[in-house]
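Chemist: Sequence:
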Amino acid sequence: MKNPAIRNLDPLKQELIRTAFDRTQGKTGRNLAPVMMSLITQANQKGIRFSEDEMTLILQFLKEGKSKEEQARIDQMVAFVNAAWKKRN
Numbered sequence: 013m014k015n016p017a018i019r020n021l022d023p024l025k026q027e028l029i030r031t032a033f034d035r036t037q038g039k040t041g042r043n044l045a046p047v048m049m050s051l052i053t054q055a056n057q058k059g060i061r062f063s064e065d066e067m068t069l070i071l072q073f074l075k076e077g078k079s080k081e082e083q084a085r086i087d088q089m090v091a092f093v094n095a096a097w098k099k100r101n
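Quick note on our numbering: the sequence shown kicks off at 13 and runs consecutively.
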């Protein structure tokens, strides 16, 4: 969370990212999906949209310190969240 790219974001986005980061500590694979959906929902309720670059940054944080297998599960979770999100819109 000390990454300069985070510090340059809107404070509301920073807070949502911190919350998501805190909620994902110790979680793996599919357990991350509800947290990411919650982040997106909270952001939408506040009129906040994350750019593709910002989402990539968030995913990099989620993958830090994880094994290659766990990183692959996170990528699968992202695909799941993306598919679910497209169905909702």
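Fair warning: there could be bad hints in the mix.
[To be verified] With a Cα cut of at most 25 Å, we get these calculated BS3-like pairs of lysine-lysine: (1) 80 <-> 39; (2) 80 <-> 99; (3) 99 <-> 58; (4) 98 <-> 25.
If you're looking for bench data, these hints aren't it; they were derived computationally from the structure.
Chemist: Hint by hint, say whether it matches the structure.
Modeler: Verification of the supplied hints:
no.: 1; hint: 80 <-> 39; in the structure: holds (15 Å)
no.: 2; hint: 80 <-> 99; in the structure: violated (29 Å)
no.: 3; hint: 99 <-> 58; in the structure: holds (21 Å)
no.: 4; hint: 98 <-> 25; in the structure: holds (22 Å)
Violated hint: 2 only; the structure is consistent with all others.
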